[in-house]
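Sequence order for the protein chains is A and B.
Per my numbering, the first sequence starts with residue 2, numbered consecutively.
Per my numbering, the second sequence starts with residue 2, numbered consecutively.
Wrong hints could be hidden among the right ones.
Note that the list lumps identical chains together, so a pair holds whenever it fits in one copy or between two copies.
List of simulated lysine to any residue pairs, SDA-like, C-alpha gap at most 20 Å [what the hints assert, rightly or not]: (1) Lys114 / Asp129; (2) Lys4 / Thr47; (3) Lys114 / Arg165; (4) Lys96 / Gly137; (5) Lys96 / Arg165; (6) Lys4 / Thr128; (7) Lys4 / Ala163.
I should point out that these hints are in silico values taken from the structure, not numbers from a laboratory.
Protein chains: 2
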Amino acid sequence: MTKIYLAGPDVFLPDAVEIGRRKAEICARHGLIGLYPLDNAIDLTTRDASLGIFRSNEAMMIEACAIIANLTPFRGPGADAGTVYELGFMAGRGKLCLGYCNDPAPYADRVRKFTTVERQDGRLVDTDGLTVEDFGLSDNLMMIHALDLHGCALVTPRQAAADRWHDLAAFETCVRMAAGRLGTAGAGMS
Amino acid sequence: MTKIYLAGPDVFLPDAVEIGRRKAEICARHGLIGLYPLDNAIDLTTRDASLGIFRSNEAMMIEACAIIANLTPFRGPGADAGTVYELGFMAGRGKLCLGYCNDPAPYADRVRKFTTVERQDGRLVDTDGLTVEDFGLSDNLMMIHALDLHGCALVTPRQAAADRWHDLAAFETCVRMAAGRLGTAGAGMS
């Protein structure tokens with residue numbers, strides 16, 4: 002069966018393992034095997050635990066045909082850095098890239114919640130004078146267009162999910178699209 | 002001459018073009034050609050400007066042998082998402098990966114500046130109950146270990162740079178290491 006890497010800050014939730022179980026179940030219903038970073042047991046008390054996690058995640062990505070990245074804003078106006086790195090890694094390897102974001106607001110609107118934003122000489126800037134991307138996209142253009150050109154366009158709900166960390170409707174849409182693109186649609190029914 | 006992709010939120014600075022010029026000059030002194038996202042003129046008034054930027058950056062990355070990623074914290078406790086995506090993309094393609102961060106603080110300490118962090122059941126968590134990575138690393142482990150295993154360890158100054166956006170000492174260290182690894186060291190002298 003086709004394997005798909007499930008990237009996201011879900012691993013930082015208190016119920017991270019349970020979320021992974023639910024995601025893998027949805028994948029199975031669509032004929033896919035979901036690989037979730039916490040599937041591999043890493044001893045967090047060892048000195049090189051972080052290196053072990055890296056190696057394990059990289060091995061899973063190399064094994065998978067596709068990635069579904071949870072790009073819901075994490076600890077700031079944009080996506081989790083680890084997830085973004087993994088999306089780039091998979092795009093670089095020519096794998097199918099999918100992603101979702103449970104907050105449909107454009108990036109510039111989200112930045113406004115964290116800092117003052119104003120227009121200066123035609124540029125939209127934050128209080129540090131740094132440009133705020135203002136293309137109406139959900140996040141940094143590199144991720145959004147990576148999805149457009151290396152897979153399927155970002156999936157967002159019409160309204161922000163009531164529980165942004167546990168609502169898996171947009172995730173399931175990605176799984177359905179991945180199954181369609183990878184030719185496994187319906188395989189889970191057999 | 003060997004080409005190297007210069008990734009970073011430098012492009013969001015008011016003097017973005019000037020920084021790119023200085024970075025390219027440093028590369029030239031070490032026998033390398035620095036490719037900087039703003040080298041390609043994109044008409045920002047067109048409807049598909051962001052797609053044009055994406056295509057142009059991706060083409061530069063494919064052309065380059067290596068990446069130097071500026072991972073200095075941007076609009077939050079961690080690195081700029083576009084830069085992180087690009088680091089992943091280059092790692093995925095097996096290119097030489099280098100990076101620097103002009104703030105030497107561990108990630109968990111930086112998170113403390115933005116939100117309250119406390120220990121709960123052994124996990125370090127923020128006010129949303131999300132785990133804060135606490136491996137003593139400078140940023141998310143995927144980026145830090147990507148540098149360790151696909152290039153050279155992250156370069157940080159001993160003390161935070163007085164001007165984190167314009168101090169290019171750590172950048173130059175990366176260029177010197179890249180030139181050594183790519184066999185171009187000294188070529189710029191000829």
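Hints and how they fare:
1. Taking the shortest alpha-carbon separations for lysine 114 and aspartate 129, both the intra-copy value of 15 Å and the inter-copy value of 16 Å come in at or below 20 Å.
2. Taking CA atoms no more than 20 Å apart as the test, lysine 4 paired with threonine 47 passes in neither setting, with 29 Å inside one copy and 39 Å between copies.
3. Taking CA atoms no more than 20 Å apart as the test, lysine 114 paired with arginine 165 passes inside one copy only; the shortest distance there is 17 Å, against 24 Å between copies.
4. In the homo-oligomer, the alpha carbons of lysine 96 and glycine 137 never lie at most 20 Å apart, since the shortest distance is 26 Å inside one protomer and 32 Å across protomers.
5. Taking CA atoms no more than 20 Å apart as the test, lysine 96 paired with arginine 165 passes in neither setting, with 26 Å inside one copy and 35 Å between copies.
6. Taking identical chains as interchangeable, the C-alpha atoms of lysine 4 and threonine 128 are never at most 20 Å apart, the minima being 44 Å within one chain and 34 Å between chains.
7. In this assembly of identical chains, lysine 4 and alanine 163 lie within 20 Å of each other by CA distance neither inside one copy nor across copies; the values are 30 Å within and 47 Å between.
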